[in-house]
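With the hints as extra help, turn the sequences into a complete structure.
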Amino acid sequence: MNCREIDFILPELARGSASQGIDPSAALQHLEKCGRCRSLLEQERSLVEKLNFLAAATTLAASVEVEERLRAAFRRSATPAPGVTPALIRTASVWRLRAWAVGGSVAAALLLVLLLPKFGSGAFLGHRKNLPPRGNDSRVDQPASGKDATQAAGRLGLQPSRDATRRGAILEGHRTAASFRRISHGHGPRRASAMSDQVTQAGAVALGPGEDSAAQAQEQEITSDFFSLNYDAGSNAVDAGQLIRVKMPRSSLLSFGLPMNVERASEPIQADVLVGQDGRARAIRFVNFRR
Amino acid sequence: MDFQEQRSDEDLMREIEAGSEQAFVQLYRRRQPGIYQFALRMSASTLIAEDIVQEVFMTLVREPLRYDRERGPVVAYLYGIARNQILRSLNRNRNKVSVVEGDAAQSCSESLVSTDDPLGDLTRSETIDAVRRAVMALPQHYREVVVLCDLNSLSYAEAATVLECAIGTVRSRLHRAHAQLSQKLRGAGKTASLSEKLATVRCSV
Numbered sequence: 001m002n003c004r005e006i007d008f009i010l011p012e013l014a015r016g017s018a019s020q021g022i023d024p025s026a027a028l029q030h031l032e033k034c035g036r037c038r039s040l041l042e043q044e045r046s047l048v049e050k051l052n053f054l055a056a057a058t059t060l061a062a063s064v065e066v067e068e069r070l071r072a073a074f075r076r077s078a079t080p081a082p083g084v085t086p087a088l089i090r091t092a093s094v095w096r097l098r099a100w101a102v103g104g105s106v107a108a109a110l111l112l113v114l115l116l117p118k119f120g121s122g123a124f125l126g127h128r129k130n131l132p133p134r135g136n137d138s139r140v141d142q143p144a145s146g147k148d149a150t151q152a153a154g155r156l157g158l159q160p161s162r163d164a165t166r167r168g169a170i171l172e173g174h175r176t177a178a179s180f181r182r183i184s185h186g187h188g189p190r191r192a193s194a195m196s197d198q199v200t201q202a203g204a205v206a207l208g209p210g211e212d213s214a215a216q217a218q219e220q221e222i223t224s225d226f227f228s229l230n231y232d233a234g235s236n237a238v239d240a241g242q243l244i245r246v247k248m249p250r251s252s253l254l255s256f257g258l259p260m261n262v263e264r265a266s267e268p269i270q271a272d273v274l275v276g277q278d279g280r281a282r283a284i285r286f287v288n289f290r291r
Numbered sequence: 001m002d003f004q005e006q007r008s009d010e011d012l013m014r015e016i017e018a019g020s021e022q023a024f025v026q027l028y029r030r031r032q033p034g035i036y037q038f039a040l041r042m043s044a045s046t047l048i049a050e051d052i053v054q055e056v057f058m059t060l061v062r063e064p065l066r067y068d069r070e071r072g073p074v075v076a077y078l079y080g081i082a083r084n085q086i087l088r089s090l091n092r093n094r095n096k097v098s099v100v101e102g103d104a105a106q107s108c109s110e111s112l113v114s115t116d117d118p119l120g121d122l123t124r125s126e127t128i129d130a131v132r133r134a135v136m137a138l139p140q141h142y143r144e145v146v147v148l149c150d151l152n153s154l155s156y157a158e159a160a161t162v163l164e165c166a167i168g169t170v171r172s173r174l175h176r177a178h179a180q181l182s183q184k185l186r187g188a189g190k191t192a193s194l195s196e197k198l199a200t201v202r203c204s205v
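Going line by line, the protein sequences match chains C and A.
Following the working numbering from start to finish, the first sequence increments by one per residue and tops out at 291.
Following the working numbering from start to finish, the second sequence increments by one per residue and tops out at 205.
Among the clues, some could well be false.
Claimed, not checked - Which stretches of chain A does chain C cover? Using the computed rule of at least three CB atoms under 8 angstroms from a CB of chain C, they are:
#1 20 to 29
#2 33 to 42
#3 83 to 93
#4 142 to 152
#5 164 to 175
What the hints contain is simulated information worked out from the structure, not anything from laboratory work.
Backbone N, C-alpha and C fix where the C-beta goes; we use that ideal spot for every residue, glycine too.
Structure below.
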């Protein structure tokens, strides 16, 4: 073995681990005779030691959010919903930008919803009162005690659930969020699984003035699971709050890793925003209608 | 002793192909730190590094059957995907980050290594910081072999699979990379000692 051959295996000799095709005994024989190569080997050992320091000093890893998104994507791909393509997942940086955009959209929508009743919304509310209640839906039981509540729910633009109506438990502006839950695909991530079903609804549901709830009564409401809007750990625990229905750009779906029908990109999509008692939006779910 | 910890990457891949989320999570937690650090050292950006980790494992989600056991171990497969993503990212940002060989590359790359990056926060010691800077200042094809073999402890065979080259190429690149590293570290040492002398003179005046 000559000096040139030794040069190329110096890193392995310095680590004391020769790979296949290297004869350590031949290298050692050369090193005993060659002072230049011995010197280079010492330098190499010093360098390898420094590199080991660097390797040991670095314990960085990707954030927990990456794992959460990947797990959600894995679940979706394992059990795809009918007609739903494998989940789109945004890159982390795009995700952050989108999160800001969606947060802004939600905040703007919430502001509109909260301000509408205060500024000349009497005509708007009157218009909605004249609409046929959604309780006409044949899927919903109509016990005498629950009729008013059903009409109230109709004014809210929501369909009461069968159980809630049977119990006559629907009170205008006060019902549990769980009773609003509709058929869910079950393929989305349960981002807000820690949320309590005791969250209350204060009736701040608003649909567009042109929205005909009678037409929607003929449709079946489908919701996604809740997605957390808070990224700090532990903020998902909500004891009470409001569920507010808003309209959002359809592209918001992409921000949550949900597929979007490009042909309907110009149409807004409805969403239920869960607002905590502190006024902060905690979670969101998307609502779609199937005829 | 946890039985699950003993399962090899290949076993986990088989379970992932069968739809096991648990296996997916286990493989992710085992391999993502290395892939993240590989991406971080190549890109010098935590955002890009996270994107790359996500893309690597999304490939497993989208195409669990794509892994070919005959072409190499799982770790080489994952690092190979990461490397392709890194190169793509570097190409995309070529207009922002000029990669020039030689001394110009050194000064250029070192200027990219900001002192407030996460690596810098962790590597406090002067020696570690000097080594880190020297590694980051290496040309890309030398840097990747140093990061894979020296810092991420991949074998030459695994690195050769990742880099899609012969083991001899890995060996020669590593040799040249080490020569450059030694040179840079000697230069850094001289600069440091000179600055110490100047500081001493200023203090004594």
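Okay, the hints, checked on the actual structure:
1. 20 to 29: Result for this restraint: holds, n = 5.
2. 33 to 42: holds (count 4)
3. 83 to 93: n = 0 at 8 angstroms, threshold three: violated.
4. 142 to 152: Answer holds; 5 residues pass the 8 angstroms Cβ test.
5. 164 to 175: holds (count 5)
Hint check: a violation occurs at hint 3 only; the rest are consistent with the structure.
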